[in-house]
Structures are given as C-alpha cells and as structure tokens.
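Asks: Protein chains in written order, with this note's numbering: chain A, 1 to 114; chain B, 115 to 227.
Possibly wrong hints are sitting among the right ones.
In silico EDC-like cross-links for lysine to aspartate or glutamate, where the CA-CA straight-line distance does not exceed 16 Å [said to hold, decoys possible]:
| id | chain 1 | residue 1 | chain 2 | residue 2 |
| --- | --- | --- | --- | --- |
| 1 | B | Lys151 | A | Glu102 |
| 2 | B | Lys156 | B | Glu129 |
| 3 | A | Lys78 | A | Glu53 |
| 4 | B | Lys156 | A | Glu3 |
| 5 | B | Lys170 | B | Asp145 |
| 6 | B | Lys182 | B | Glu153 |
| 7 | B | Lys185 | B | Asp169 |
| 8 | A | Lys42 | B | Glu153 |
| 9 | A | Lys57 | A | Asp71 |
Quick look at which bits of chain A chain B covers, simulated, 3 or more residues with Cβ under 8 Å [unchecked claim]:
| id | stretch |
| --- | --- |
| 10 | 37-47 |
| 11 | 63-69 |
Examples of chain B residues lying across from chain A (beta carbon under 10 Å, computed) [to be verified]:
| id | residue |
| --- | --- |
| 12 | Ile148 |
| 13 | Leu180 |
| 14 | Asp198 |
| 15 | Ala205 |
| 16 | Ile216 |
Keep in mind the hints are simulated off the structure, nothing from the lab.
Beta carbons: idealized from backbone N, C-alpha and C, even for Gly.
One letter stands for each residue in the lines below.
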Amino acid sequence: EPEVTQTPSHQVTQMGQEVILRCVPISNHLYFYWYRQILGQKVEFLVSFYNNEISEKSEIFDDQFSVERPDGSNFTLKIRSTKLEDSAMYFCASNAEGDRYEQYFGPGTRLTVT
Amino acid sequence: GESVGLHLPTLSVQEGDNSIINCAYSNSASDYFIWYKQESGKGPQFIIDIRSNMDKRQGQRVTVLLNKTVKHLSLQIAATQPGDSAVYFCAEIGAGGYNKLIFGAGTRLAVHP
C-alpha cells in the first residue's frame, strides 16, 4: 500500500539554525500539507500546497517557514532560524484529486531545538 | 470562529466493550468531519468521515454520528480491542476550500484486557 514517507525521523538542531524536513507524498497525489503537533497537544495546520503554490497557510506559518516541491516527488518544509518553540512533531500529508478529504499522513519528523 | 473540541481527555474500557468518543464543534458552517486515530509514534490515520447532509455513517466496527442541532459528533467503536488503544481526534474541514483540517484536542482510548 502506498504511503507518505518523511525524513529524518528525528532532527536535533540548535536555536537559530536552519532545518529542512523532507517528505515524499504518495505518487499520484496533488494536494500536500504540513501540520505540526507540540508534545501532548493537538495537531495544528501549517500550510497547504497545490499546483506548485501555497493555497493556504496558518498564522504559525510566518516568514521563517517556507515550502518547496523541488522535483516531482519531494515536498520540503524549511525553517530558516529555529526557535525553541518550534520543537514539535511535523507531519506531512497528501491527498488525491478525486479524494480531496482523505488526507494520508506520514510518520512525522520529531524536531528538537536546543 | 472555527474550533473543534473533545469532551473527555481519557477513556478506559474493557476489551470487548463498546467505546464512544465525543466531539463538539462550534462552526455551524462546517460540512465535513473526519475521525483520525493516532498510535504512539505514528501519524494520524484516517478512520471514517461524514458529511453534514448525513447523520450516521458506518464502517467496519465503527460508526460516526452527527447531530447538527447541537453541533456534536461521536465515534462508536464496537467490541473494542487492544489494538484500538490510541488517541482519537475529530477534525473538520475548514473554510476556504483547500482542505485544511482543524483538529480537536484528542481523546486517549485505553483498552484493558
């Protein structure tokens, strides 16, 4: 069964450093998303991406965040200058055109900012 | 504003019993709701969905009920098994048409043998 994959599974970085979280969505999917989950809290929407552009973003997704689909398979989330409060699980998700509401989530990347 | 919340943070049940997990939402314009299951160390996994023009939908061992009058959503799991132990989130599709999921706070289901 196809699945969303994410790398790395765990990233430790120092405050102020740049990080790139990587995702490979399911191959025929057209809608891509990033969500985050701070430990013990609910999952929060960050950004949605369709047709090579951001379609919606949350207040969390400020100028320090960016997304990119550099090729036909990868979808990345970059945080330019990490803060302690960026520590969280980051989930990538995707869905197909004909199945717009069933988003498939990856296993997540745990980001720890020290 | 848009918000989805849960009544109980933890639910403990005996194996074989039925479980009911509840959720309240505040946006009366929401027209699509989804239940996700999240096991420890994993991403949310789609369980079942329901549109606002329905009041009940059944899947395999799961039933979702929607009461639009009181803006309440529930997930019923029949014959709960140890493998059902997880955190369950309700979510709604937010306004804007781009499939932004708005998650509730989550309920932890603990199944005891």
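Asks: Each of the hints needs a verdict: does it hold here or not?
Replies: The hints, checked one at a time:
| no. | hint | result |
| --- | --- | --- |
| 1 | Lys151/B x Glu102/A | holds (13 Å) |
| 2 | Lys156/B x Glu129/B | violated (23 Å) |
| 3 | Lys78/A x Glu53/A | holds (15 Å) |
| 4 | Lys156/B x Glu3/A | holds (12 Å) |
| 5 | Lys170/B x Asp145/B | holds (14 Å) |
| 6 | Lys182/B x Glu153/B | violated (29 Å) |
| 7 | Lys185/B x Asp169/B | holds (11 Å) |
| 8 | Lys42/A x Glu153/B | holds (14 Å) |
| 9 | Lys57/A x Asp71/A | violated (21 Å) |
| 10 | 37-47 | holds (count 5) |
| 11 | 63-69 | violated (count 0) |
| 12 | Ile148 | holds (7 Å) |
| 13 | Leu180 | violated (15 Å) |
| 14 | Asp198 | violated (18 Å) |
| 15 | Ala205 | holds (8 Å) |
| 16 | Ile216 | holds (7 Å) |
The structure does not agree with the numbered hints 2, 6, 9, 11, 13, 14 stated previously, though it agrees with the rest.
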